[in-house]
Amino acid sequence: MNKNLFKLSGVTLAVAACLSSNALAADAAGTPDVDQLRQQLGELNQRYEAQSAALKALAQRLQQLENASQGKARLMPAVNKTVVATDSSANTNEENQSTQGEEPVVKEAPASHSAEAVYREQNALFNQTFTLETGVSYSHSDRRELILNGFLALDAIFLGNIKLDRVKSDIWQFDVTGRYGVTDRLQFDFNAPFLYRKSTFQSGGVGGSASALGEYDVNQTNIGDVSAGMYYKLFPETPTSPDVVLNVRIKAPTGKDPFGIKIIQPDPANNNLTTPEELPTGNGIWTLSTGVTFVKTIDPAILFANIGYAHNFAQKFDDISSIKGTTTAGEVDLGDSYQLGGGLAFALNDRMSMSMSYAHRFAQQSRIKSGNTGWTNVVGSDSSAGSLNFGVTYAMSDKLSMVANVGMGVTPDAPDITVGVKFPYNF
Numbered sequence: 005m006n007k008n009l010f011k012l013s014g015v016t017l018a019v020a021a022c023l024s025s026n027a028l029a030a031d032a033a034g035t036p037d038v039d040q041l042r043q044q045l046g047e048l049n050q051r052y053e054a055q056s057a058a059l060k061a062l063a064q065r066l067q068q069l070e071n072a073s074q075g076k077a078r079l080m081p082a083v084n085k086t087v088v089a090t091d092s093s094a095n096t097n098e099e100n101q102s103t104q105g106e107e108p109v110v111k112e113a114p115a116s117h118s119a120e121a122v123y124r125e126q127n128a129l130f131n132q133t134f135t136l137e138t139g140v141s142y143s144h145s146d147r148r149e150l151i152l153n154g155f156l157a158l159d160a161i162f163l164g165n166i167k168l169d170r171v172k173s174d175i176w177q178f179d180v181t182g183r184y185g186v187t188d189r190l191q192f193d194f195n196a197p198f199l200y201r202k203s204t205f206q207s208g209g210v211g212g213s214a215s216a217l218g219e220y221d222v223n224q225t226n227i228g229d230v231s232a233g234m235y236y237k238l239f240p241e242t243p244t245s246p247d248v249v250l251n252v253r254i255k256a257p258t259g260k261d262p263f264g265i266k267i268i269q270p271d272p273a274n275n276n277l278t279t280p281e282e283l284p285t286g287n288g289i290w291t292l293s294t295g296v297t298f299v300k301t302i303d304p305a306i307l308f309a310n311i312g313y314a315h316n317f318a319q320k321f322d323d324i325s326s327i328k329g330t331t332t333a334g335e336v337d338l339g340d341s342y343q344l345g346g347g348l349a350f351a352l353n354d355r356m357s358m359s360m361s362y363a364h365r366f367a368q369q370s371r372i373k374s375g376n377t378g379w380t381n382v383v384g385s386d387s388s389a390g391s392l393n394f395g396v397t398y399a400m401s402d403k404l405s406m407v408a409n410v411g412m413g414v415t416p417d418a419p420d421i422t423v424g425v426k427f428p429y430n431f
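Per my numbering, the very first residue in the sequence shown carries number 5; after that it's consecutive.
Rather than coming from a laboratory, the hints here were simulated on the basis of the structure. Note that this is a predicted model, so its numbers are computed, not measured. Do not take every clue at face value.
[As the list claims (entries may be wrong)] Derived pair list, reagent style BS3-like, types lysine-lysine, alpha-carbon separation capped at 25 Å: (1) K237 to K373; (2) K266 to K320; (3) K300 to K237.
Please construct the entire structure, taking both the sequences and the accompanying hints into account.
Following this line, the structure appears as structure tokens:
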């Protein structure tokens, strides 16, 4: 019995020794695998730490950019957004593992074309490039005037002449405008208009008949008053304040002035119909205007408002009389004017935007002085013109855009309707 136990124990010891030797051999063979895994784990930790540091630095840089250009960064979708360029296969492709620890590339996307158009229309773009803009506009107005020359008998019967006049006016204006941004805060522009005017005058009383109407057309084609302007950005937009731009403009009397134009009777059979010999294409005097524009981005809209003042310098003329065959030298002082307006714009996409606004202009009475007489106010020369405007901008390419506008007059002194289209081209 003991002998058998001894034999069993020997066999057991032999098996145990064999297993122990195999285990030791396996441990000895597996040691290099463990070291290699530990080395790879260390490398991965280093890469992870480097990527974490790069992401943290990138987040800080992005926050700085958003704070520094809050107004531009929040204009509209795709305006000055930050784009991070990374390689999605860097984590799986061993050939790109050497570049995983590098800092990602940060780029700024180009500004939205629709947002640029809004800024160009409301104040200035300040893009430090030259822009050439051509455009055409059409305005129409229709005025009727009832003139009673007589008196009332028995407070009920009118005795005298009744005159009904109607004037239809159409104006086509072709503009060429050049803009140049000197810096990111200063811009200059120059505008040269060319006008075609047609006015139709109607009046009753042909041949002594109250129901018969006489009509006469007057046309005029000439250059308008050229002007030059300067825009300066006083304060950039911040999260709590708008973009503030100051503008100053000078207008020269290069067009046909309205003074000295004679009033004639084109139809001898109708004493009621009187018309001017020609039509003016300018105001005949120098004008200096200034204003301030405010623009604030409130996603997804852009709000804008403006206020302005224009001063007309008194000018002497060789003839200010409208009577045929009479020449009267004198001085004219057109009334100064004030203008205010505001509106908002929305971006439909990266290339198209829509806007709506309201503008109102108040003009004071004009004065004239002739001979040794003093200044005399011209009754009825003051005006109040308000218009409601709608606009659409579309970027046809990276350099060429189209701006279309429609305006409707809401006061008697404003044109009934104005339609225009412009094509700014950035060089």
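Evaluation of the provided hints:
The suggested pairing of K237 with K373 is violated, with an alpha-carbon distance near 41 Å, which exceeds 25 Å. A distance of roughly 18 Å separates the Cα atoms of K266 and K320; the hinted pair therefore holds under the 25 Å criterion. Between K300 and K237, the direct Cα distance comes to roughly 14 Å. Compliance with the 25 Å bound is thereby established for this hinted pair.
Figure legend: structure checked against the earlier numbered hints; the only hint not met is number 1.
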